[in-house]
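Chains A and B are the protein sequences, given in the same order. Every letter in the first sequence is one number past the one before it in my numbering, and letter 132, counting from 1, is 132. Every letter in the second sequence is one number past the one before it in my numbering, and letter 231, counting from 1, is 231.
Everything labelled a hint here was simulated from the structure, so no lab data went into it. Glycine included, each C-beta is placed from N, C-alpha and C at the ideal position. It is possible that some hints are incorrect.
Unchecked claim - Ranges of calculated distance between the beta carbons of each label pair, as one might list FRET restraints:
1. B/Asp172 <-> A/Val373: 16 to 24 Å
2. A/Phe229 <-> B/Cys82: 20 to 28 Å
3. A/Asn386 <-> B/Lys379: 44 to 52 Å
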Amino acid sequence: MEKIKRRSALTSLGALSLGMAAPTLSKGERLSEPYQLIQQTLKTDILVIGGGTAGVVAAIQAARAGRKTILVENGSQLGGTTTTGGVNYPGIFFAWGKQVIGGIGWEMVQEAVALNDDTLPDFSIPHGKNHPRHQVRVNGQLYALLIEEKAVEAGVQIRFYETPTSATFQKGNWTVQTVGKGTSTQIVCNQLIDCTGNAYAASLAGFDLLRESVTQPGTLMFRLEGYDFNSLDLKTIKSRYEEAIKKGELVKSDFRNNIVGLLKSKGDNIQHVLGADSTTSEAHTVANLKGRSSLLTTLRFLRTLPGCEKIRLADVQNETAVRETYRIDGHYKITHEDYVTGKVFDDAVSYSYYPIDVHDENGVVPDHLKEGVVATVPLRALIPKNSRNFLVAGRMVSSDRLANSALRVQASCMGMGQAAGAAAVLASMQNKTPLDVSMKDLRKLIEEHGGIVPVSSQKG
Amino acid sequence: MRSGHKVGLLNAVFILLLLLPAHRKQDRIRYFNAPTIPLKPDTVQAFVSHFKDDAGNDTLFQTRSKEGYPVSYFRKIKTSVCFDNKCRLLDIVLYWNVTGRYLGFELPEGEFLSKTEHEPFKPEEYGRLNELLADPFSPLANFSYEELVPKADLAASGLDAVSSATSKNVLDYVVEGAVYTTYKMWHFVYGATQKEVVSLTEKRLSPGFVLKILESPDSGDKIWALNHIRGRVELTSGLRNTLLSFIDNNRFNLAERAINALSPDELKSDSLQLRLFEKFPQTNYALKNLIVTKFKEAPHLNPQVKTALARALKSANGELLSNILDLFKLHRVTDRETGRIIADLLQSPNNFLSQKAFIYLKSANIDDKTVVKQLNDYKAKHTL
Chain A
1 MEKIKRRSAL TSLGALSLGM AAPTLSKGER LSEPYQLIQQ TLKTDILVIG
51 GGTAGVVAAI QAARAGRKTI LVENGSQLGG TTTTGGVNYP GIFFAWGKQV
101 IGGIGWEMVQ EAVALNDDTL PDFSIPHGKN HPRHQVRVNG QLYALLIEEK
151 AVEAGVQIRF YETPTSATFQ KGNWTVQTVG KGTSTQIVCN QLIDCTGNAY
201 AASLAGFDLL RESVTQPGTL MFRLEGYDFN SLDLKTIKSR YEEAIKKGEL
251 VKSDFRNNIV GLLKSKGDNI QHVLGADSTT SEAHTVANLK GRSSLLTTLR
301 FLRTLPGCEK IRLADVQNET AVRETYRIDG HYKITHEDYV TGKVFDDAVS
351 YSYYPIDVHD ENGVVPDHLK EGVVATVPLR ALIPKNSRNF LVAGRMVSSD
401 RLANSALRVQ ASCMGMGQAA GAAAVLASMQ NKTPLDVSMK DLRKLIEEHG
451 GIVPVSSQKG
Chain B
1 MRSGHKVGLL NAVFILLLLL PAHRKQDRIR YFNAPTIPLK PDTVQAFVSH
51 FKDDAGNDTL FQTRSKEGYP VSYFRKIKTS VCFDNKCRLL DIVLYWNVTG
101 RYLGFELPEG EFLSKTEHEP FKPEEYGRLN ELLADPFSPL ANFSYEELVP
151 KADLAASGLD AVSSATSKNV LDYVVEGAVY TTYKMWHFVY GATQKEVVSL
201 TEKRLSPGFV LKILESPDSG DKIWALNHIR GRVELTSGLR NTLLSFIDNN
251 RFNLAERAIN ALSPDELKSD SLQLRLFEKF PQTNYALKNL IVTKFKEAPH
301 LNPQVKTALA RALKSANGEL LSNILDLFKL HRVTDRETGR IIADLLQSPN
351 NFLSQKAFIY LKSANIDDKT VVKQLNDYKA KHTL
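Let the hints inform the model, and build the full structure from the sequences given.
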């Protein structure tokens, strides 16, 4: 039957073509029908939107706990900031000599380190000014392959190149409409986890969001080569840089007004794209254009400097990584005070350890935590007010700006991802909303999958 | 003689180190940190290398204990520290531990360090210098000589580059008033000499010597030693005991490096496999996974370890379960008891677990009626 339809359609096409201009088919070619948009409805227990740092962990956790799980990602690979963003040092997993983020995130990082013959840092070195030494460097592309393999092995159904357009809650289930390349999909799920980094699904669902009037700048990661920093005449270079800024040829804030820093870092996490926002295609396009244009202008300038004539771009990421956009208005908002005092909440589900780290147009001066302090994340901060069957994980966690500047880092997002995944599993199994899940059950499930939960660990 | 860099033995004969009498030592200014190896130096041997630095000579001295273990290294530095078009002599002896870690410094009799206007260092400034030199992560590593002092100020004739014009971000890492001295010494400590120290130590590695390094109070030294076991020294009973003692939840780095130090050849030993497995129940999830992964390197899997791991499957989840099944697949585990434990997982309400069990059993061909029945039931239930 199908064959007949297809044949008759092709015949009609052929007849039409004959009427206009007969196509000449080469050997092996055939006249193809126009592509039909695939419209379908999928049902799943848990839907994770966003396959970045937190989302991939949430999805793997959910699938490994036996729930049918779909992961929607609008890019072409998993890992987000760690992979596509190029910030391939997803620390920090250890604080004050003890591991604080474990579980699936740590498993993925450790495997990437081992498969690349890299070594882990010595986690016993003091924190404070040495905090960058605690960062675990991974090969970003290898990491993307590994985490994808893990997601597939866990049974996660990955849908790349798709983005949600609506999210509605009816009769205890969420219906999320997505569009992608040639797809229009309705996904019905019992529990929805927003890991977009921008609270995009929460926004579609109609929950309140918070945003700063001025957000932190984003960064396009790249790598320069072809020069010897130690032999450069930095005095001349600085003076030429200042002159170019005065003339309006370069923008002071693009590289933190620090040409020496740019040359010394070779491009590693030094660029600032003011106002970078990844929430929508349009906003992210602007951030990408700004980042690339500023890099190109600066590269051309660098090549006019003494000792930098042969400077070249060894590598550049595909998109500008973004630090801050929207946060949810959750059942609890983690404050700066909570963070820097290491408040352990009754419903704490994961740790977070990082200095308060607000980037602005002048750069960043991290404010390190006092010795022994490790912050925690309560379940309530992952749940938007007035929501049911809905969780978030990652940088849009409900928090004030200063707390968020530390919570937003990758290891913390992984911890939150695992907690959100586990909470969704229990809520789905017990037909509850995540806020009503028993903390005892939740801690047990997270720990069974290697995660580290604040209170229970402390009790031993 | 190794290729790559030439190490010349200056003296074929060991020179007995004449330990300086205590009162003479007290005359000298000396600042030291906790040593890797607290043994008394007994002999000194001199090595010449092409350091390509301006220390004034290319001789590196290695002190050894009575047992013949390297204890420390030192170089007698005589160099100039120049700034503001003036140079002054730096005459100092720098010491390294056997792992390349900075140990301390000593000034020749009657010598002292000075700052701007030849003002001598105060005791607290020597202490600060010692602390700064002990920091291998100091940002001084990345500062260029030119960055230490803003150029505009340097140009001002007669102005001391150190006291008033040091770059603000450098101040935390130098002795105030002695920026170039600190910088130069730090780069001596972490320059070519450090690599040579490690290279010379590596030539003297033995199980007893590695054990001594593992006793160091410094975790970096311990990690260094753990990284220098596999393929380099025999895993004697003493070394094995110490190595296994590092596998605990409180020191992840040491535990991870200790597990890594076990080679496939050593894992031939059933007793080592059993000793390693003893750690399994006491360790956290991450270390459990590392232990299971380590058994994948073993040429065979000890039957007791296999049985215990099979029983652990009953309560395992996620990655740990996958990892154990992968291990069994690698070692072609097809015995009835293990098969039945895995077959029970087919009935798990967790699809992930039951699918993992199904994939394993499908390829394992376990010759047991109960297992075959459970497998067939699973296939029927899932129309496979």
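Hints, verified against the model:
Checked against the given bound of 16 to 24 Å, the beta carbons of B/Asp172 and A/Val373, roughly 22 Å apart, stay inside it. Taking 20 to 28 Å as the suggested C-beta distance range, the pair A/Phe229 and B/Cys82 conforms, at roughly 21 Å. A/Asn386 and B/Lys379 have their C-beta atoms about 46 Å apart, which keeps the hinted 44 to 52 Å range intact.
Comparing the model with each numbered hint stated earlier shows that all of them hold.
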